[in-house]
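J.: Sequence:
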Amino acid sequence: MAKEKTPEQKQYEKISKKHETKRPLLRNCLVAFLVGGLFCTVGQAITYFYIYFFNFTEKTASNPTVATMIFIAMLLTGFGVYDRIGQFAGAGSAVPVTGFGNAVISAAIEHRTEGFVLGVGGNMFKLAGSVILFGVFSAFVVALIRTIIVQWGGL
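Residue numbers for the sequence shown, in this note's numbering: 1144 to 1298.
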């Protein structure tokens, strides 16, 4: 049951809406798209680097590319650059691989004063741990379903 607002509350709401900053939605979406695309382009360039200089195939270059992107995101977070990118790009900076690296290292940096074991080690995967758990569990379920289908269905 909603409570009726008082005239003062209604007046306050009217004044606050008048002074509320309008968010440039189209600009934010465009910047997020471009920065996210730039991250993906850098990832593709790293993949080509591994293919060209280390004789990886497209399939085998994906793992070192992911590791490199996570490492770069962690370095940028450590130097405070990734935070500025995140403020500018918003959701565009949360491209899964770099966002994961940022989440892991941010928690570690935040709790470093509590020591390496209890602070950094205990809190490093606070946010990313649930993502890892969900990913591993999902992969297990999909592999189990695929195995059952292949075993009985002959795909």
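Where hints are given, some of them may not hold.
Stated by the list, open to error - Label-pair ranges, simulated between beta-carbon atoms:
no., residue 1, residue 2, range
1, ILE1291, CYS1183, 53 to 61 Å
2, ALA1234, ILE1158, 52 to 60 Å
3, GLY1221, VAL1279, 21 to 29 Å
4, GLY1180, GLU1253, 57 to 65 Å
5, TYR1191, THR1256, 36 to 44 Å
6, SER1159, VAL1284, 54 to 62 Å
Everything labelled a hint here was simulated from the structure, so no lab data went into it.
For each residue, glycine too, the CB sits at the ideal point set by N, CA and C.
J.: Which numbered hints does this structure break?
T.: Hints 1, 2, 4 and 6 not satisfied by this model.
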